[in-house]
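Enquirer: Given the structure of chain S, go ahead and fit chain X onto it with the hints provided.
Protein chains in written order, with full-length UniProt numbering: chain S, 1 to 345; chain X, 1 to 345.
Everything labelled a hint here was simulated from the structure, so no lab data went into it. Bear in mind that the values here come from a model prediction, so they are computed numbers and not experimental data. Where hints are given, some of them may not hold.
Identical copies go unnamed one by one, so any copy, or any two together, can satisfy a pair.
In the PhoX-like style, the derived pairs of lysine-lysine whose C-alpha atoms are separated by at most 25 Å in a straight line are [as the list claims (entries may be wrong)]:
| id | residue 1 | residue 2 |
| --- | --- | --- |
| 1 | LYS194 | LYS116 |
| 2 | LYS83 | LYS205 |
| 3 | LYS342 | LYS123 |
| 4 | LYS205 | LYS57 |
Here is how the chains run, residue by residue.
2 protein chains.
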Amino acid sequence: MSRLTLALDVMGGDIGPRVTIPASVSALEQDPMLTFLLFGDSEQIEPLLADVPTHLKDRLLIQHTPRQIDNNQGIVYALRHSKGTSMRLAIESVQKGEAQACVSAGNTAALMGLSKVLLQPLKGIERPALISMIPTVNGERTVMLDLGANLECSAEHLYQFALMGAVFAESMLGLVYPRVALLNIGIEEVKGYKSIREAANLIEKQTALNYTGFIEGNFLLNGKADVIVSDGFAGNIALKTLEGAAKNIVSLLKGSDVYPARTSVMKRLVSSLVKRLFKQGYQRLTNMNPELYNGASLIGLNSVVVKSHGAASANAFTYAIRDAALQVRQDIPNKILIGLEKLKR
Amino acid sequence: MSRLTLALDVMGGDIGPRVTIPASVSALEQDPMLTFLLFGDSEQIEPLLADVPTHLKDRLLIQHTPRQIDNNQGIVYALRHSKGTSMRLAIESVQKGEAQACVSAGNTAALMGLSKVLLQPLKGIERPALISMIPTVNGERTVMLDLGANLECSAEHLYQFALMGAVFAESMLGLVYPRVALLNIGIEEVKGYKSIREAANLIEKQTALNYTGFIEGNFLLNGKADVIVSDGFAGNIALKTLEGAAKNIVSLLKGSDVYPARTSVMKRLVSSLVKRLFKQGYQRLTNMNPELYNGASLIGLNSVVVKSHGAASANAFTYAIRDAALQVRQDIPNKILIGLEKLKR
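Isolated chain S, as found in the complex:
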């Protein structure tokens, strides 16, 4: 594994440094080749590093800024007043080559907006997108994009998403000729928006892409495709619906129930028995833990940028960091450029 420096906006997210700092320390422990530039308020950061051993602290460099991006007045205002904020400084450090990737749990639109301006879309990519992985019931993973960066998408945009998704799936999931599907409201050719039907034609004709047709919402978790392509509106709704459903159903089972104390021992016993006997099922459910699927990535830019959930736990933020490192090591932006060249041929 290669040495990497990542720029972390540690102020973003609902909780900020109290989540992102422990997460950063875990990531350093897990990956000895990582170093971090931490962008944020040193008064908040330093106390959280007090008990961290020196050999880890040496791999962190705090870049103090008291300023944070302000989303309360809309994205235009946020971008216009972004100078000196932790998010912008983190992205600028990637722009200058001081870091190889940026991770933030801050506002998605601001992160995308600043990244597009400062890091620029890859040559030939019209619309960078948000990409993430979802777990499947057969224990595999499926890549999904766009998840909210682009509401309305032309056929050409969807076609480019298909390419970016395929490159991502090949590199990050180690797949050969990943199966690409378009999210739609039916599988018949006549279904859906005109842009989706035209995108289907473009993707189908392109032998570099392994197109398998339309996919409906009820098959997202079934492993029928390795890459699911969608406009940002439907993709965002679908992903969040999945997350909400998984969370709610699991919490229903785990028991928001209130029981008298005397049954609680019994309940624990049964829980543990269930876990043992239904091991495979439980394992798969655990694999569906949203923490493991934190870290939507901005794809189609010249550098790697990973967006963590605003509500991410420390564990989840650590996964986002690891995800960013893996994308840099897999050289995703460059592979997309090569992929674009292939499409032209």
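Expert: Frame of chain S, contents of chain X only:
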């Protein structure tokens, strides 16, 4: 309860009469005030009625037709060649006043297309929609529309959906001043399509509607709204994603696991213990059984039309029939007209 005659297209769906006929017989047993006109191939229908007691059979009238709607060549072809098909005859019987509502498990687009032409949209309604209920984790139900009838929707369309959804929720769920939310990719005012933001303004200004703001995909099951309004594309994707997630997660837990025979007794024992101890959670999960939520309805027409899932079981088709009967008894179309009048004031 009032006497009702329903027109059933018994040929629709993946299986046809072998599902729809037993379902119809169950519905007759459960509701003594119902009679049915059954549209379909009598050669297939009659053998399935052989063992049905006379007092039930007397409430069925078979309207023989060998013809079924053909969707293989697209919706335009299907509509043009629909004369004499079981679906069209069923709708025509409602048009003539021989039946008060129609139920079919056939093709949704064909059912909507024929219903619009033969039954006509309610005066003032620009776009009839597909509406359904989803269960919530707190044991309640939420109404959702549009689920796929209208891909692109203007603010005015969404506004009318909000009204129709509110009338539906009031009557079918017995709610006063139901909370209306718009499905969007964020809860901030600036999020989403222009049409959604404009619809938010229209609904918010209208005091007859209890608008609560935008709702994201991850909160669909949380009972935060009684009516969730969406364009047909996103609504269809969201509903199917919910269905798929619920089905997959429950089946993961119930054990697609393969176990040696000796553990199966133990497994059954634990299963039954779990059901006992986690009773409330299990009950709620059972309430989420998609069978109970079969029957998307076409709303905004002069008569009640219910679309059952193509893959519906006999149980599920029975629920669709009961749903249609309830909508007629609740006089939903007329209540929507009254609601439209109120909005104008």
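Enquirer: How would you classify LYS205 and LYS57 at a CA-CA limit of 25 Å: within, between, both, or neither?
Expert: The answer is neither: 53 Å in one copy and 56 Å across copies each exceed 25 Å.
Enquirer: Have a look at LYS194 and LYS116 and pick one of within, between, both or neither, based on CA distance no larger than 25 Å.
Expert: Between. Shortest inter-copy distance 23 Å satisfies the 25 Å Cα cut-off; intra-copy 28 Å does not.
Enquirer: At 25 Å max between alpha carbons, let me know whether LYS83 reaches LYS205 within a copy, between copies, both or neither.
Expert: neither (45 Å within a copy, 38 Å between copies)
Enquirer: Can you tell me if LYS342 and LYS123 fall within 25 Å by alpha carbon in one copy, between copies, both or neither?
Expert: within (14 Å within a copy, 55 Å between copies)
Comparing the model with each earlier hint shows violations of hints 2 and 4; every other hint is respected.
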